[in-house]
Each structure stands twice: as C-alpha cells, then as structure tokens.
Amino acid sequence: MKLDFQHTQAAHCENGVTTSLLRHHGVNQITEPLAFGIGSGLFFVYIPFMKINNGPAIAFRTQPGLIFKRTCKALNIPVERKKFRSAAEAEKVLMDCLRAGQPVGCQVGVYYLTYFPKEYRFHFNAHNLIVYGREEDQYLISDPVMEMATSLSSYELERVRFAKGAFAPRGQLYYPKEKRSVTNEQMKMAVRSGIKRNIRDMLHIPGNIAGIRGIRYTAKKIRGWRDKLGPQKAGSYLAQLVRMQEEIGTGGGGFRFIYGAFLQEAHAYQPLDELLEISRLFTQAGDVWRSAAVQAAGIYKGRIGTQADFNTMSEFLLVAAEIEKRAFVALSKIKWPS
Amino acid sequence: MIGQRLTVNKKCILMKKEEIPQDPGALSKITKEVCYAVDESGQYSTSLSDGWEVKASALDVAWKDVEQRIKSAKQRVANKEASPLLYFMELHVMDIAIVSAYTGIWKWQVKKHLRYAVFEKLSASRLQKYADLFEVSVSDLKNMTTNET
Chain Y
1 MKLDFQHTQA
11 AHCENGVTTS
21 LLRHHGVNQI
31 TEPLAFGIGS
41 GLFFVYIPFM
51 KINNGPAIAF
61 RTQPGLIFKR
71 TCKALNIPVE
81 RKKFRSAAEA
91 EKVLMDCLRA
101 GQPVGCQVGV
111 YYLTYFPKEY
121 RFHFNAHNLI
131 VYGREEDQYL
141 ISDPVMEMAT
151 SLSSYELERV
161 RFAKGAFAPR
171 GQLYYPKEKR
181 SVTNEQMKMA
191 VRSGIKRNIR
201 DMLHIPGNIA
211 GIRGIRYTAK
221 KIRGWRDKLG
231 PQKAGSYLAQ
241 LVRMQEEIGT
251 GGGGFRFIYG
261 AFLQEAHAYQ
271 PLDELLEISR
281 LFTQAGDVWR
291 SAAVQAAGIY
301 KGRIGTQADF
311 NTMSEFLLVA
321 AEIEKRAFVA
331 LSKIKWPS
Chain Z
1 MIGQRLTVNK
11 KCILMKKEEI
21 PQDPGALSKI
31 TKEVCYAVDE
41 SGQYSTSLSD
51 GWEVKASALD
61 VAWKDVEQRI
71 KSAKQRVANK
81 EASPLLYFME
91 LHVMDIAIVS
101 AYTGIWKWQV
111 KKHLRYAVFE
121 KLSASRLQKY
131 ADLFEVSVSD
141 LKNMTTNET
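Respectively, the protein sequence lines represent chains Y and Z. Here the first sequence is numbered in our numbering, starting from 1 and rising by one per residue. Here the second sequence is numbered in our numbering, starting from 1 and rising by one per residue.
Think of the hints as simulated: they come from the structure by calculation, not from any bench. Every residue, glycine too, gets a C-beta built ideally from N, C-alpha and C. Mixed in with the good hints, there may be bad ones.
Calculated from the model, a selection of chain Z residues having no Cβ within reach of chain Y, i.e. all distances over 10 Å [said to hold, decoys possible]: (1) Lys-29; (2) Lys-32; (3) Glu-33; (4) Ser-49; (5) Glu-53; (6) Ser-57; (7) Ile-70; (8) Val-77; (9) Asn-79; (10) Trp-106; (11) Arg-126; (12) Lys-129; (13) Thr-146.
Sample of chain Y residues facing chain Z (criterion: CB under 7 Å; computed from the structure) [claimed, not checked]: (14) Phe-122; (15) Arg-243; (16) His-267; (17) Tyr-300; (18) Thr-306.
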C-alpha cells in the first residue's frame, strides 16, 4: 500500500512535516518558511544547569511540536495527536491511518534511525518524519531532511518511535484531521499572529535565559568558559553551540535565514515594506551567527584560544543580539492594517 | 553602538547564494541539505549544500569527546574503579537516565551498578537486561568485548 504522497525536502524536519502534511490536505499556499514563521519557530534559549551530551543546553528554535500545532491552529485546521503506552497499539493506529489514506507525522529518536549516518546518531528524540505507506514489512518514509524518500522495516520504525530519554516520543503520531482549503485572508491573519507571538517570545519572556536576553546571557557565559572549564572543555562547549546553530535542520545561521525568507514571503499576504527591510536584518543576524561559528571553529580546532579570542566570540553574540533586538522592535512597531 | 560593535564582523561571510559552502561531510554521502540564502537581488530561495567544514569539525569535536570518555571508562574498569556498565554506557553515548529508561531499572540502581564490586554480584536477569540493551551476550558484557572496537 502506497499513498499518493509527494515527498519534499526541507531544511528543518518539523517545518518539513508540517508543510508536506498541510499541502497534502489542500493548503496550497504553505511553504517551509511560512510554516516556520506562522508557528513562531524562531527562538533562543540557554538552559543553565542542564546538560545535553555533556555540553550546554542551547536551542535556536521553539519547543518541538509547537510549530505544527500553532500553524495548524492559526489556519483553523483540526489536528489529531496521539501517544501510546504499547508498541502494538501504536502500530495498529498507524496502519489504520494508512488504510484510511492518511499519511502520518511521527516523532522519532535518531539514535537507532538506520538510514542516518552514524556520525549523526546521538540520543536526540525530537526528529520528525512522515509515514506514507507500507510494502510488505517496509514502511515508506518521507524524511524531510533527506533528498529522497526512504523506508524502514516495521522493527526499525517501532524502535525509533519508542526511543527513550529526554523528549521520548512514546510512539507519538499526528496529522491534520480533514482536508480544508485556506483563504488568503486566513493566511494574512496567520502571518500576523505568528509574528506577534514571535515578538513576545524573543522580547518579553521574563528572566534572562530566553529570547534576546538569552543571547546576551550566553555571550556573558562564553567569556567565562575558558577560565571555568579549561581550554579543551570550553572548545567542546563552543562546538556544541555551533552544532545546535548550523546542523541539519536549521537552514543555516540558527534558523535566522529561514525567518528572513518567511518575512519576504509574508510580504505577499501583508504588503508592508517594513517586512522586507526587517528581513534584511535577519539575514544580517544570520551572517553574524555564521561568523561567530567561524570564530568558534578557530577555538575548538585549537588554531586560536586566548581569552581575547573568547571575548571576540562573546562580542559576536552581543552583535547578533543587538541586530535581532532591532529587528523585533521594528516588527513590534508595525501598524497592521485592520 | 551597533556600528562600533559590527567592526568585529570584518570576516563576515554573507549568506549569498553563490557562497553557500560545499564541504563534503558525514552527511553528504547520504544526502545534500537545504539551505536558505539570498540571490543578487536580495530574494531568498533554497539551495542544496554538501555541508560546511565549520560544522563538520564541530561534529568531530563531539565524537572525539565521546571517544575520550570511552577510553577513560575502559581504563577505569581495568583499574576496578568502575564496572563494564560504564564502558557500554559511554560506547552507546548514553547516560544514566537513558539506560534507566530503556531497561526499566531505577536510576539510583543503575548508578550503583556502575560500581565494580556491585556489578560483579548482579543477578543473571539484571545482567541480561543490560546485555539486551547493548546487544551483546552476558559474557561479552562482563568481559567488555564488542564487535565495534
């Protein structure tokens, strides 16, 4: 059984799943940047006292699952989302969906994801893919970060659906419940509400670890890493920062380029020239993040490593924070036509 | 203020379409990845990238750290400071919480089993649970033999 489903590659897995499923359900306007922006995907957070793979817990995007949820909600599309205790039940529901002609989004862990290169297989449990059919024992898989569609045996799929650890997927599957077309008026409102929520997340979350203040906080921490952790561990921490920022799924520059693309596409629905200007600021911010990554690479490869080099690294983050603050303040000043 | 700060940014690599890095890395054997970049007119679109040396080396650093931890675990088991469980845990990039979640053994117990003397006395059923998780036989678990190294 193979559903009529179009595999499309995306930069980021959750954006990709959201886009493909919504397109399948008749939302022809949706693209990856629009899904990301409407779902208010851009974020920054540095959680102190928490470690991921023995390194700092840093994220450049919003919490897993929210992009799909928010985008569907903004477009008034009802969503089904289920978690399971038993693997048998999880597989049965998946098969029921496929029989009903419904491609299904699944949250999975990547450690046992066989088609991924070994180098990418950490215990990361918030990867997303679409199951769109089954032929004998092989499930047909559309993984948004892959160029081509692929497949997993039923055992392999069960294993990744029931990966354990932080963000354990517990067999989680999700899909839009019905086919609906979306009007351009709805898109217009969704774009606006997505931007507004992103302004809140980046500028107004209390405390100093999230949003623009989170970037500044991280900059301050980086200054101290060399003395506190020693050069080698400080290098590993910076490498972790770069991986979170540039690895598959980010579209480069810690999602800042995707957001820039979103504002350009948003302009088609909300023809305000400010959006195009602010888009350029996000391109600039993304470029600063990438320059920061080059600086960090110098440190973790051992080419440079004095305190002055760490200070420069920190300075890059402060510049990025400054630009992003300007961008979000500018977004918050937009007069939306009613 | 922003103007001054931006002066640190001389080496800035603008994300223009023709400047998307194409450095083959671990992923490029399997797939190219989507990047967002602007063209001459400032319009965003997607392009495919083979990878970027900067992030490939970040991934290298992460795996070198893992290797380092495996090596040190091996040494500690040889010195009887830790049990083979520590070695397998590091080999599979896991931590106590992950081992506990997969085996259903309490975290505080897993922690105890990391001690050499405690591990020596574990029941066959306990050992089997760990052996299943790491996909080795019980005797391989005890002797720390793997087909991966």
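- Message: When the structure is checked against the list of hints, which entries are broken? Sort them ascending.
- Response: 1, 2, 3, 4, 5, 6, 16, 18
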